[in-house]
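Residue numbers (this note's numbering), protein chains in the order written: chain L, 67 to 231; chain V, 6 to 504.
Calculated from the structure, these hints are not laboratory results. Wrong hints could be hidden among the right ones.
Per label pair, the in silico range of CB-to-CB distance [claimed, not checked]:
1) Gly216(L) with Glu222(V): 46 to 54 angstroms
2) Ser227(L) with Lys81(V): 55 to 63 angstroms
3) Lys147(L) with Asp448(V): 22 to 30 angstroms
4) Ile83(V) with Leu100(L): 55 to 63 angstroms
For every residue, glycine included, the Cβ atom is placed at its ideal position computed from N, Cα and C.
Given next are the chains, with one letter for each unit.
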Amino acid sequence: MKLILITFVTGVFFATLQMSYFFSLQTLLTSTILSYFSLVLCWLIGAIVGLRFFKFMDEKIILTLSIAAYYFFLIMLFFNKFNTILLPVYLILITMSSIYAGYFFPFQSKFFKKINYLFLIENNGFVLGILSAYILFMFYGIGFLIFSPGVIFSILFMIKSLRKW
Amino acid sequence: MVFIFKFSKIFHLSADRAILFLAGCNSILLQYLLLKELPASIFPTEITVLLTLTSYFLGFSVGYFLAGKLSLGKIKLIIIFLFPVHTFVIYVIRVLALLFFRIAGLWLILSFFTSLFIFCSFYSIFLPLFLLKVNRKKIQGFVSTFYKTELIGSVFGSLLILLSQPLVPYSIYFIYVLIFYLLILFLLKNKVILPILIIILIVLLLIFPYLNKTTLELFYTKSYEEHLNLIDSIYSPYNRIDVLEDEKNHRYLFLDGIFYFGTKDLEDFNLYLAEIPLYVKKNVSDVLIIGGGTLSSAFHASKYVSNITVVELDPGVILTASNHFKEFNHLDKIADKINIVVDDGKHYLMNSNRKFDVIIVDVPYPWNIQTTLLYTADFYGIVKTKLKENGIFVTHLSGNLHENEIDTKIPKRIVKSVSKIFLNYIVYSFENLRPGFIIASDDFKVSRDMIYNAVNKLGIRAKASILEKEEIGKITNSSSPITFFNLDVVFTESMLAIK
Chain L
67 MKLILITFVT GVFFATLQMS YFFSLQTLLT STILSYFSLV LCWLIGAIVG LRFFKFMDEK
127 IILTLSIAAY YFFLIMLFFN KFNTILLPVY LILITMSSIY AGYFFPFQSK FFKKINYLFL
187 IENNGFVLGI LSAYILFMFY GIGFLIFSPG VIFSILFMIK SLRKW
Chain V
6 MVFIFKFSKI FHLSADRAIL FLAGCNSILL QYLLLKELPA SIFPTEITVL LTLTSYFLGF
66 SVGYFLAGKL SLGKIKLIII FLFPVHTFVI YVIRVLALLF FRIAGLWLIL SFFTSLFIFC
126 SFYSIFLPLF LLKVNRKKIQ GFVSTFYKTE LIGSVFGSLL ILLSQPLVPY SIYFIYVLIF
186 YLLILFLLKN KVILPILIII LIVLLLIFPY LNKTTLELFY TKSYEEHLNL IDSIYSPYNR
246 IDVLEDEKNH RYLFLDGIFY FGTKDLEDFN LYLAEIPLYV KKNVSDVLII GGGTLSSAFH
306 ASKYVSNITV VELDPGVILT ASNHFKEFNH LDKIADKINI VVDDGKHYLM NSNRKFDVII
366 VDVPYPWNIQ TTLLYTADFY GIVKTKLKEN GIFVTHLSGN LHENEIDTKI PKRIVKSVSK
426 IFLNYIVYSF ENLRPGFIIA SDDFKVSRDM IYNAVNKLGI RAKASILEKE EIGKITNSSS
486 PITFFNLDVV FTESMLAIK
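When you get a sec, could you build the whole thing from the sequences and use the hints?
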């Protein structure tokens, strides 16, 4: 049960984080296509880094880095609204955030007897994350960007810290 | 055939990893094609985009589930059924849209989006399928290697989209089909298939103009109940842009399947939006138009001022307007008066040192987040900082503010957003056009008489209705402004459009 929950909530976390980056860039930097594709590319590159070096990483550090990079990005963006000169810094932070997205799958794979269920459960969480992120952003705007990733991260961290059940 | 397999060996790729690379690449290209075609075929709102993304990713879940149930042999059989669907992907979406045209609301959503699983599940099957075959003890290493290969494919796909933008229209569609065929080759490893696929691809290229024209004309003719001929169609970075012509040679511009410009009404719209404020303001030297990529509002403004800056997000709209709408924008006559900047309006304003006498915001209705951000009090606050002394701001209200109108919710909220930022404002509308307009300023007060005078001098025959600040206050009293913290209008407008 815990394994399924962790996998599902991780999917929600990835979607929330990804959509928060996207909406932050769109609202506080620029809506141009370049920022969107930069985000997609950096997210993918970060995940590839996570996959490549997962053996040398510590889960809690990578997960914390993921959320810390996001809030550092958000604070920088708040203080430098619509300033595209800082885009390269933002892209590095996005890449740092998504390392966990690569790390997660090989790390978690050893716990699943049937590997397709790892992808299935994570992806279902991702779908829920996208749906909720879109709707919550429409209703709460920047409020969503400030609170949601932190809340989902806390839930995930809490579940991971629980003893087996 | 041998060459293709040898090519994969150069990169030390097994057939499995080559398939994963191609699947990763095409899943990104498919997402792009779906986001271009689906909203344009239904209604281009944020909810449609959200539903497209949801069904796209749910399709992945279907694929992950099926991976545990299907063998590679069965997948090879399924390809026979999937082959036409993926080969004609954009036409299939359009035909589906036509089939579901009369179904409304939830049924439309369920029918249309469930059918999408056919497209999306295919590419997600391979990763878990190959991983289910490997030694359990080495699973972590295999997950790392295989998933990495798929993600590198996705990076490649993203780069293809980015780089192919300025190329031939619909080039991404052909790249998608080509990669799908390569995937089939690696999957089936059959020498006979290669020449067949090459022939099909060539035929597809040859019949593309006909199929594209036929399906788009069918869609627009059914949607607008008038026979329309396709003149041009492109994928811009933001929209699918279509130019069509009716039997009287009237041209229409459609962005994502929605009427954007070309009718007499819309010509009046630009007259009311650009000329009335400029006539009222007088002695104008610098005008900024945000949006208005057809450049028709710039033409109207050019009658009063010789220094116009147009900021448009989508270069495709400007290109199309320059090529097909010269009779409206008279670009050849006004070229020396206008400076076109391709940028996001709010980004441009915040990074420009210039100030303007008049700022006109001419963006589409608030059906998606990107556009709605330009209807917020936060954005109007940025606009205010870029106005010269006595400068004025003008925008349309996406509807009519008058109380006898059926739906005044959005106009009320737009006006409330403006009223939160500016001290003086006035709303005017005309009987022949749905949206009303608002002129706002801190230090320049526009009166009812000034607008009536402009209407008379410009020879506008349609009856005008004008609301001054006190009257507006009574109507918008209970409304809340649109802000970066509250963009719920996107949701309500999108749901209304789907209904």
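query: When the hints from earlier in the document are held up against this structure, which numbers fail?
result: 2, 4
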